[in-house]
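*Asks:* Chain by chain, the residues:
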Amino acid sequence: MDAEIDSAAPPGKHWEIEYRLLIEAIYQMYHYDFRGYAAASLKRRLRAAMVRFDCRTLSQIQDRLINEPGFFSALLNFLTVPVSEMFRDPAYFRALRERVVPLLRTYPSIKVWVAGCSTGEEVYSLAILLREEGLLERTLIYATDINPQTLEKAEAGVYDVDRIATFTENHQRSGARSSLSDYYVAAYGRAVFDKSLRRRIVFSDHSLATDSVFAEVQLVSCRNVLIYFNRDLQDRALRLFREALCRKGFLGIGSKESLRFSSEAGAFDDFVREERIFQKRDPS
Amino acid sequence: MSAPSLAGRVDAIVIGASAGGVEALMTLLPPLSESFGVPIFIVLHLPRDRPSLLAGIFSRKCHVTVCEAQDKEPVRPGTVYFAPPDYHLLIDEGPQLCLAADELVCHSRPSIDVLFESAADIYGPRLLGIILTGANEDGAEGLAAIHAAGGITVIQQPDSAQVKQMVVSALIRNPGSHVLDLHGISALLRTLERDVAA
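Heads up: the sequence lines are chains A and B, in that order. Quick note on the working numbering: the first sequence kicks off at 1 and runs consecutively. Quick note on the working numbering: the second sequence kicks off at 1001 and runs consecutively.
Only chain B is shown next, with the shape it has when bound in the complex (with noise of 0.2 Å):
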């Protein structure tokens, strides 16, 4: 399947990761500019007790600003925020982010799918959704979530996953996602970026 078209269609985008996820953002996030004007926000999946190093990892390798989430943050454009370890991250009205200590989804806290499912409440149409690497089934749902909002749904190829679990049950769950490559995500989100500066 091709490419989507993202020509001023995305306000905001929501990743969702576990096993093999740190590599994949690394091919991903670095080559992003300055004036990257779309937020992000990324759950990884992490040990939940101990402090996560991830925004302090990819803040020196980026050129775009990544923090972790802080709760009633508003967000900000071209801003890469990572869910803090024991927390899931939702967005909230506003658009602002939330923290909550809700029991954890799918084995996970901070969980895929309570991100995906809360940014669709806000960004309904105008918000992708991307699942890579993972040995886990969160984010499926919430990337149904995204879909029935209208929102556009990404899926990494699941030969080039480091770990296909979660991809895959993305994919049973979601069979209408666009399927890229790492490279291909990455074209994606610079085309998106193109579209910001013209």
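So that you can see chain A by itself, here it is in the shape it has in the complex (with noise of 0.2 Å):
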């Protein structure tokens, strides 16, 4: 009878109820909510996560979440994504240089949100542009991310030196006014970034699934964030975004995303639209 039930649920019918039951674990336990992120990608680096702690099924991953202290941060550092780097797409800060920068020039104070800061590469990558069009003293950038982890390195500021090659070279090529150099020192094989650059940035955590707005600013830059989400999460985080942004506000997001499916399309105009710059529309 066992063995009829088994060769009757092939396996990827089992790891499909592995992976709900292990996701609303997550949710229960430590209110972190991957309901409505995109399975397939969630369920690549559940597996990535399955090697790594040599666990054979996704129900040895969820025996050692629920019993063991210490166990979900490590898990966490596989569920978010730490890759991204300076100037990624350099053309899309070019166009926030060019197109958005002479607009925010005209507010006396000016907020910005990255949101899903990661490791901090685009949360510098923007503080930097800004103190090149002088406009850095007088912005505040919220830096927002799930993972405490991944924020505590944002905040230190500190990259693989060998990194900083493309860092420079994508910073060039947005359009640059100075040199990168002027924002880091290097030692043992690290970069430093400048303490001065984070004095207008505010690290903080926040969770595009569960929580709300906390701020109007002028621009929200969210690359390659939304990606990672299923429709609904993404429709929510655009709602966020409408709800943040001032009149005519500015949203930007990565080069292969597309606000097309989602029901928020209506709110925002292309603004620079190879870029995926959109501006908030106003309300008819």
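To be clear, the hints were calculated from the coordinates, so they are not data collected in a lab. One or more hints might be untrue.
[Claimed, not checked] Straight-line Cα separation of at most 20 Å, SDA-like style, residue types lysine to any residue; simulated pairs:
| no. | chain 1 | residue 1 | chain 2 | residue 2 |
| --- | --- | --- | --- | --- |
| 1 | A | LYS248 | A | GLU216 |
| 2 | A | LYS43 | B | PRO1095 |
| 3 | A | LYS43 | B | ALA1148 |
| 4 | A | LYS195 | A | LYS248 |
| 5 | A | LYS43 | B | GLU1103 |
| 6 | A | LYS153 | B | GLU1103 |
Here the structure is a predicted model, which means the values were calculated and not measured.
From the two separate chains plus the hints, produce the assembled complex.
*Replies:* Dropping the structure here:
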């Protein structure tokens, strides 16, 4: 009888059940809500976690999650994606510089929200860009993420020196008005970014899945975060961005992300279409 | 080995290629007619730092719709989707397309393994996976995942590949795969087309 039940349920089915149970356990125990994440990419990272933690099944991961203190913070690093570089997609930053900055300049004080800032590369890129444009001293950048460990790294602003060549090339292609080396000190294989940039940045724990709007901002930059969400969660995040943005505020998303399949599409107009920069539409 | 019968067995096709891939795809895709009813997802390794021209190039040569994959786009039958440069392409429930900026896999983003493994999850035994010419080991694991899910695996005959490394790696990892030259693969795809038309 058991054998029959076994053969009736292909392994994929078990995986599906185990996946849902694990996501639910994470939510109930730690209040991190991955239920609205795109399953395809999350499952891939969970497979990597199974290899890393030497677990044969997701149920074994779940057992450790529930019964082993500290396991969740290790697992969280597999569930979030800390892959970024400074000035990634230089054309995006060039478009911010040439098209958005002139309008930001008209505000006496500027607020920017980098949502899903991970280890901080995008935050420092924006800070440097705003410094170059003479705006950083009247800007406050909110940098938020769900992973406290990556937030800590972001706040430290320390990166491997072997990544600096790429960062520098990207920076130059973004229409740089200075040299990236003006903003860091390199020692012992690491580049430590200037503390004065950090004075204008507030790092904070915030979830696009469960938290609400905390400030009014002129610019939201949220790149390669929405691709990890399903459509409902994308809609929720975009709703937060719309609510956070001031009248005619700007939203920048990843170069392969779009609002096309979102219920919030009507809330934004193309501003720099090819760089996925949108402007909040006035309610008609 | 003779060509497998695809009669009514295939809901989707995934193709992976690297060096020499554009020429190989030029043999495979243009003959497909407008009534080709199966979606095709393709990872072709490209430079990560500039836009891809593939969708435009193949659109002009093909009867089927060819486009660059967009995140959260629902899968349409008879459409060819190319993974965009610097993003992994995955198939998610729906089925719909899903992009990811995760770390490189086999030095590649997009990675063939990532596409194949996610498509195997969604389509299971109703997936056809094809590995073409290339200078990399990407795709060997993905093809194994398709096989494990009961899908059909095809590898380009190494002597007919412009660059052999990718097909040889795939073959070592998946010795039970069907091995066909480009004309064999092309004939196989067109068989599928007749099934759809019938």
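*Asks:* Now look at each hint and say whether the structure bears it out.
*Replies:* Going through the hints against the structure:
no., hint, result
1, A:LYS248 x A:GLU216, "holds (12 Å)"
2, A:LYS43 x B:PRO1095, "holds (15 Å)"
3, A:LYS43 x B:ALA1148, "holds (17 Å)"
4, A:LYS195 x A:LYS248, "violated (32 Å)"
5, A:LYS43 x B:GLU1103, "holds (15 Å)"
6, A:LYS153 x B:GLU1103, "holds (18 Å)"
Hint violations for this structure: number 4 only, all remaining hints satisfied.
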